Structures are given as C-alpha cells and as structure tokens.
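S.K.: Residue numbers (my numbering), protein chains in the order written: chain A, 71 to 511; chain B, 71 to 511.
Everything labelled a hint here was simulated from the structure, so no lab data went into it. Here the structure is a predicted model, which is why all the values come from computation and not from measurement. Watch out, some of these pointers could steer you wrong.
[To be verified] Mimicking BS3-like on lysine-lysine, the simulated pairs with C-alpha atoms at most 27 Å apart in a straight line are: (1) A:421 / B:282; (2) A:477 / A:75; (3) A:282 / B:97; (4) A:97 / B:282; (5) B:89 / A:110; (6) A:85 / A:97; (7) A:89 / B:421; (8) A:85 / B:112; (9) A:97 / B:155; (10) A:85 / B:282; (11) A:97 / B:112; (12) A:110 / A:221; (13) A:182 / B:89; (14) B:89 / A:477; (15) A:221 / B:282; (16) A:85 / A:421; (17) A:112 / B:155; (18) A:85 / B:221.
[Unchecked claim] Beyond 10 Å from chain B on every Cβ pair, some chain A residues (computed): (19) 74; (20) 115; (21) 311; (22) 323; (23) 324; (24) 359; (25) 361; (26) 365; (27) 383; (28) 413; (29) 454; (30) 464; (31) 485.
Cβ atoms here follow ideal geometry from the backbone N, Cα and C, with glycine treated the same way.
Number of protein chains: 2
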Amino acid sequence: MKICKLKDISSQDYKRIMKRSSAEFDKIIPQIREIMEEVKEKGDEAVRKWTLEFDKVEIDDFRVSSEEIEEAYNKVDDKLIRSIKQAVANVERFHQAQLPEPAMIDIDEGIKVGWMWRPIEKVGMYAPGGRAPYPSSVIMTGVPARVAGCKERILCVPPTSGGGEASKSEGQFTPPAVTLVTADIVGFTAIYKIGGAQAIAAMTYGTETVPKVYKILGPGNNYVVAAKILAFSSGEVAIDSLPGPSEILIIADESADPRFIAADLISQSEHGFDSSSVLITTSERLAEEVEKQIELRKENIATKEAIEHSLESYGMIITTDTLDDCISFANDYASEHLEIMIRDPSSILDKINNAGSIFLGPYSPVAASDYASGSNHVLPTAGYARMFSPLSVGEYLKKTEVQELTKEGLRSISETVKTIAEKEGFLAHKRAVEVRFEEEI
Amino acid sequence: MKICKLKDISSQDYKRIMKRSSAEFDKIIPQIREIMEEVKEKGDEAVRKWTLEFDKVEIDDFRVSSEEIEEAYNKVDDKLIRSIKQAVANVERFHQAQLPEPAMIDIDEGIKVGWMWRPIEKVGMYAPGGRAPYPSSVIMTGVPARVAGCKERILCVPPTSGGGEASKSEGQFTPPAVTLVTADIVGFTAIYKIGGAQAIAAMTYGTETVPKVYKILGPGNNYVVAAKILAFSSGEVAIDSLPGPSEILIIADESADPRFIAADLISQSEHGFDSSSVLITTSERLAEEVEKQIELRKENIATKEAIEHSLESYGMIITTDTLDDCISFANDYASEHLEIMIRDPSSILDKINNAGSIFLGPYSPVAASDYASGSNHVLPTAGYARMFSPLSVGEYLKKTEVQELTKEGLRSISETVKTIAEKEGFLAHKRAVEVRFEEEI
Numbered sequence: 071m072k073i074c075k076l077k078d079i080s081s082q083d084y085k086r087i088m089k090r091s092s093a094e095f096d097k098i099i100p101q102i103r104e105i106m107e108e109v110k111e112k113g114d115e116a117v118r119k120w121t122l123e124f125d126k127v128e129i130d131d132f133r134v135s136s137e138e139i140e141e142a143y144n145k146v147d148d149k150l151i152r153s154i155k156q157a158v159a160n161v162e163r164f165h166q167a168q169l170p171e172p173a174m175i176d177i178d179e180g181i182k183v184g185w186m187w188r189p190i191e192k193v194g195m196y197a198p199g200g201r202a203p204y205p206s207s208v209i210m211t212g213v214p215a216r217v218a219g220c221k222e223r224i225l226c227v228p229p230t231s232g233g234g235e236a237s238k239s240e241g242q243f244t245p246p247a248v249t250l251v252t253a254d255i256v257g258f259t260a261i262y263k264i265g266g267a268q269a270i271a272a273m274t275y276g277t278e279t280v281p282k283v284y285k286i287l288g289p290g291n292n293y294v295v296a297a298k299i300l301a302f303s304s305g306e307v308a309i310d311s312l313p314g315p316s317e318i319l320i321i322a323d324e325s326a327d328p329r330f331i332a333a334d335l336i337s338q339s340e341h342g343f344d345s346s347s348v349l350i351t352t353s354e355r356l357a358e359e360v361e362k363q364i365e366l367r368k369e370n371i372a373t374k375e376a377i378e379h380s381l382e383s384y385g386m387i388i389t390t391d392t393l394d395d396c397i398s399f400a401n402d403y404a405s406e407h408l409e410i411m412i413r414d415p416s417s418i419l420d421k422i423n424n425a426g427s428i429f430l431g432p433y434s435p436v437a438a439s440d441y442a443s444g445s446n447h448v449l450p451t452a453g454y455a456r457m458f459s460p461l462s463v464g465e466y467l468k469k470t471e472v473q474e475l476t477k478e479g480l481r482s483i484s485e486t487v488k489t490i491a492e493k494e495g496f497l498a499h500k501r502a503v504e505v506r507f508e509e510e511i
Numbered sequence: 071m072k073i074c075k076l077k078d079i080s081s082q083d084y085k086r087i088m089k090r091s092s093a094e095f096d097k098i099i100p101q102i103r104e105i106m107e108e109v110k111e112k113g114d115e116a117v118r119k120w121t122l123e124f125d126k127v128e129i130d131d132f133r134v135s136s137e138e139i140e141e142a143y144n145k146v147d148d149k150l151i152r153s154i155k156q157a158v159a160n161v162e163r164f165h166q167a168q169l170p171e172p173a174m175i176d177i178d179e180g181i182k183v184g185w186m187w188r189p190i191e192k193v194g195m196y197a198p199g200g201r202a203p204y205p206s207s208v209i210m211t212g213v214p215a216r217v218a219g220c221k222e223r224i225l226c227v228p229p230t231s232g233g234g235e236a237s238k239s240e241g242q243f244t245p246p247a248v249t250l251v252t253a254d255i256v257g258f259t260a261i262y263k264i265g266g267a268q269a270i271a272a273m274t275y276g277t278e279t280v281p282k283v284y285k286i287l288g289p290g291n292n293y294v295v296a297a298k299i300l301a302f303s304s305g306e307v308a309i310d311s312l313p314g315p316s317e318i319l320i321i322a323d324e325s326a327d328p329r330f331i332a333a334d335l336i337s338q339s340e341h342g343f344d345s346s347s348v349l350i351t352t353s354e355r356l357a358e359e360v361e362k363q364i365e366l367r368k369e370n371i372a373t374k375e376a377i378e379h380s381l382e383s384y385g386m387i388i389t390t391d392t393l394d395d396c397i398s399f400a401n402d403y404a405s406e407h408l409e410i411m412i413r414d415p416s417s418i419l420d421k422i423n424n425a426g427s428i429f430l431g432p433y434s435p436v437a438a439s440d441y442a443s444g445s446n447h448v449l450p451t452a453g454y455a456r457m458f459s460p461l462s463v464g465e466y467l468k469k470t471e472v473q474e475l476t477k478e479g480l481r482s483i484s485e486t487v488k489t490i491a492e493k494e495g496f497l498a499h500k501r502a503v504e505v506r507f508e509e510e511i
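Chain A extracted, bound-state conformation:
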C-alpha cells in the first residue's frame, strides 16, 4: 500500500482519492427504463419475464410461503439464529431510541404550532443478492420499519441470491434459508422472490402479486440504484439515499495499534474491487508498521483478490504534520466510516463535520457496527455524508405540522398576513383573514 505525505500529494491524486470509484448510471438508465415501463404496464407477466432473463429461473408464485419459511428454519443452525437474534435486539434498541416526539410550541399568545409523526403506511425494502446471503442487510432495513410502525413492510430478494445458497423446492427457487429466517425474525409482512430493477418496478407501481408502496429503501447494485432513481423521478415513491461502494478513513496517532488499523483497512477492502480504505496519520512510524501488517495479514484470506485490487486502486496511507491536517482531510473526504484511533478520540469530535459513522478508540471496529453494535450500517458513501444521513427510523416516518390559533392569536398576526398576501397578489388570502373579523367592521 502506498505511503505518501499529504503535502506531496498532487492535486490530481488528491482529486482521485476524493472521487473514489463512482458509478455511471447514465448508460444503464435506458435499459432500466424499459424494465420499469414494462412492469408498470404488464405487472407480474413482465416481472416473470425479466426474472427469467436476469436470474435464469421461472417463478410461478413470487410470494414466499409460510411453508418455505418454516422449512428455512430447519436449515439454519442454532448458533447463527442466536447471533441474528442478538443483532436484531441491539439494532432494535438503538432504533427505538430514535423515535421522535410530537411537540406543540407557543409561538405567541394564542398561536400554537407544532408537529406530529406518523409511520409511512407502506414501505418496500430491497435486500441484495451477491456472492453470499446478506442477512445483515435485511436487519438494517427491516428493524427500523417495524420500530417506526409501518403497517405494510415488504421485502424483495433475488430468487437465486446468496451465491448458490438459494434452494430449489418442488421446482421453485427459494432464497437462502438464513435470509428467510432473518426476515421472519425481523418481521416483514410479506417477502417476494424478485431481484434487480424488476423488484423496484414492482414495488413502485404494484402488480397483481406485489403491492405498491410509498417508499423504497435498501442497498443494491447499480441496476437497483438506477431503478430507484427512476422510481423517485416518476413521482410515485420516495427513496432513501443512493448507496455506493463501501469505504473507510482512519485517523490515527502514534498511540494506535498498527495491527488493528491494518485489520480494519483490510476488512473494508474485502467488500469489493471498488472499496476505498485510507489511513491518515501524524506518525510516520505507524504508517510503516501498518503497511507491514497489511502485507502480512492480507495473505490467506479467501477474499484476497478484492482486498489487493481495492487497496491498490483506492487505498492510501497518508502522513501529515498535524492532527488538524488529518481532521481537515477527513472533512473533505466525508467518509462513510471514520475510525478515530488517537489518545483521546472524542476530543476531536466537535471538529468533524462530515462523516457517516464515527468509531472511537481501539475496540470499536467497523465490523462490530456492521452486524451487532446496534447502529445502522446503511450509510452515505462517496462523499454523500456531506448531505445525507445514515438510515434511521426517521426515514420511515413523516411529519405533519399542526396548528391552532385563537381569535386573538389570529388578530395579532392579521396585519402581517394581509400586508404580505397583498404584496404577493393573493387577495383572497387577505380576505380569508378579514372574514374572521367581519362582524367587527
């Protein structure tokens, strides 16, 4: 892994590091649009067609039956179920604490204005397929939906997902047992064996089998993200933010343990060929030791190919003269994950403006939060931490303003309302206030 002084980085290299690997949706949008349109028009028939095209399987009934879920329990060992239950419990505890309160504020005598919260009634979650089953994705999108109180919470998962872990029963494909068991523990109201853009389209427009939802959440590949963008653009649904490749930035001083840092950089880079792992440190000695540890530790890991490729393409060890330089870089980088491994890690929290999730001290590795510390692992990547937030209960709720004025309260602002309304040319607005005092004129 390359070691470089911050002041020696060329502006071109700096731009490259800041940019990470970024997806180009423009090219795939036309193809995705075709899928969306066809599902809108033809419903299940189109979903069936694109499932055959992309997943290479024929599905009669997209909905996962209760028998399939029961069967899945027989295939998952107790230790894994215990682990899933502990993860769900911690994630639930954290998200429960996020439930916001209603409020009513006295703006002035006789003017009360406030808000209340309501769950979005119908939400659709997407769980990606891939090289393995990803039960943690199901937990991170499903638990906050239940905590928020969304009435209809559906899950779409590719029928052959999980790198061969999908099984065939009575000629029908069933997603990985662990995915179904996790979804059952989390508590979805329905699970569908549909993947990719056709899943997003089905939830956006509804089909004979899949209900239309109001918001779609959860990570996915570029096709899924492109479909979510189109779904949002159509005005039919809200979506959460746009996920990209995972990334980590570590700020460290000479007190940090190079083994921990190396292990965390490596673990981030195994996510895929396009993951970014960057260390920025005030200690040149640490930089060198971390580099050695990485060489040592990346061997004998099955995911070595992804690790080497992403460390090579998007990884870097940067040394600086001061801790403030590290902080300023971190705010520019706006990392999805930011580990702070310095003597008093929380001492610099106030200065961090842009980060998805911050990990303080030696015993808070990202890996813990990916699964079980309770926090949500669906986080803004690619610099989106500048404007987006981690997935939270708030994404499953919406706010309604509430206000009540007394006659005297209305009177106290009536001149203001009438004056501005008149200036804006809204004369009936002015009259709507005047009529309330008509008998007094």
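Got chain A; can you put chain B on it based on the hints?
M.R.: What follows is chain B alone, placed relative to chain A:
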C-alpha cells in the same frame, strides 16, 4: 361548485379527485438535460445564454451587490418591512424548536452508540418568479437554513421576477426590492439573479460566479422541479421533495361557519389554475351554504379567473353520513393542507395518518400559516404527504452515527459478529474482531 354524496361518486371521479392535476416531467426532461449539461461544461457563459433565452435580459454580474440591496430598502415601505420582520421572527421561533439533540445510548455494558447532528455546509435555495414577488418563499427556505447553521446559504431568483417588479438600474436588472430586502433580513450569504433550470444547474455544478452546493431546496415551476430531479439523479446534490400545485381539504360538521370555509376554499384556489380545493362534511345544510358563500365571495377578486377554473376542475363539496367517512377520505387524499372545522377538532387528530399541515378550529386559516404563524409553508402536495414531510430544519442537517465500545463490550458481541460475518463471506471482518483479542489466544 359541485356538491356530491361520497357514496355517489363514481370510482372514475374518485380517482380524478385523488389524482389532482399532475405534472408530466417526461416531456421536458430532454430540454432541461441540455441546459444542465451546458452549464456543467461552460459555466457562467451558458447561464448567461439561457438567461437571455428565457428571461430576455442580459446579465453581466449575476451576484446581487450590497449596493443593490441598500437601494432596495429605499423602495419598500415600513409597514411591509415590519410585516416581514414579524413573519421571520415567528418562523424562526418555530424552526428553533426543531433543532434536534445529539444522543448516546447504552446498548449494553461497554457498548455506547449514538448520533450527532451537523449542518449541511453549503445549501442553495430557489425562490420562484411569477406574477408577483414572493417574499414568503424566501422566508420559508432561508430561515431554517440559518437556524440549522449552514455556513454557505445562497439564493437564486429570476432577474425579471415579480410580474414587472424587477427594476433596471444602470442597465442591469435587479429582482424585486421586497425580495432582496426579505433575503437580507433572512440572512443569505449571497444572492444571484438566475432563474429556472439554469439556476439549478449552476448550484449543482458550480460556475465561475456561483458556488457548487450540496443540497438544493425550495419550490419552483415544472422546469425547476425537472432540473432538481436531474440534479439529484446526477449524484451531485441532495434535494428536498417535489412541489406541485397547492391544495386544501376541509373536514367540517354542522357547527362550522360556512363563510370561513368558503373564504379558505377560494383562497386556496387563487394560487393557480391547477389548485385543488375540497370540502368534505357530514352536514348537507353546510354544504349548500358553503356553495352559496363561494358564489357570493369569489366575485370582485382580481384572481377570479384562477379561482373559477380551479374550483371547476379540481374542486368539490362532498357530503358523508359519518365523520369517520370524512377521516378515511382525508387519509386517502393525503392533503397538503387539512383544515378541521368540527366541534372538537383535536379529537380526531389521532386518526389522521396522511396530511402535510393540519389547521384546527375556526381561527386557524391556511392563509395565516402561509405567512406568519411560524410553520413552514413548503409542504408535500399531490398525495406526497403519504411519504414526505414539510420543509423543516432537519432538511438542512445531517446525522452522523457515533460509537465507542470497550474491550469487554466488543467481546460481548464478538461471537455474533464473527458468526454472521462468516456466513456473509466476509472473513477479514471476522479477523478484525479476532485481532483485538490476539494476545489472549
């Protein structure tokens, strides 16, 4: 205005009422894309070109100077300035109350997980042009940005906006005086004389004059909304929700004053030809009286043409047998504004699931909240209250997760992390936990 029994409404008519007037962005997207691309490539030059094309004026310097603002103060009378100041003060009080707190939760012994809030550093607001100047738009998007603490808060406003109220000084167009004065009172960091899609493009990509922002907020016409959709799709910026024509739904029983209801339906319908105004009531007598009052009161208003057209096309008075029928209709309709004029209006609040802003009782007209009660008037329209929230301070902030585990805290979840990580094929994640306990093995 048509009076109809709820049970007599055909399913086709019901669909039409629910649909309101909806914009078709698809047709204008290609044209807007061209503008966006050109501004991205050529910066100010392209902005200048499209300003000449659409606004028919040549602008040398897009940025409003401090001299222009000073001059504007001379043109606005004291009463209007006092009104704007009262409105700003109330809107500020309401939005101050929305500032969220950070939190740190004990998930378990040795596992602390929480969050902190940070303002989005650079935000861009759009204030629409139109038949008149709209100072209230500037207040509603600008005040929460200042309250949130966003460092850079810029405003774009069409150079010739305000239905002729823009003025020419030394050959340069300047937006309406009241718009500039309001923006100055609200406290933007810079104001630019740019409108339409070219304004959204400039803030999305940045130009020589206009800084790139991270989020774009505020209402606009269909071109502006289409540009915001493209800006979001490009991955460059976040946006607030998609605004559409304004609308009101009133739930009333026989205790309500028909004059107030008529005035509020009329005031909503003057917003434009595509506004929707619906009354749903348990009282047939009230329905008839409201109808009479509307006929009476819509006369002699300068905005009569818009009022008649929108009442005709999207307005309706619906009668029901029970209050529950009204509530269930309201939840289906998911109105931007919902006035409740029944004997005990707050008694049904618990049953309302979908509404942008709720107005309780006879003295809480929408008009008051449009300007001065403190609430934000940028609200979800067209049924978006099912999944979107009113504009609030939260839209200008982002959350960062923070966590700190002790060694024992990490140990307590280490089996769970390792078990799920292994199942997901993330072996380096497992090792990132193991390395923390290496010396113990």
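S.K.: Okay, which hints does this one fail, numbers in order?
M.R.: Violated hints: 2, 7, 9, 13, 14, 15, 17, 21, 29, 30, 31; rest satisfied.
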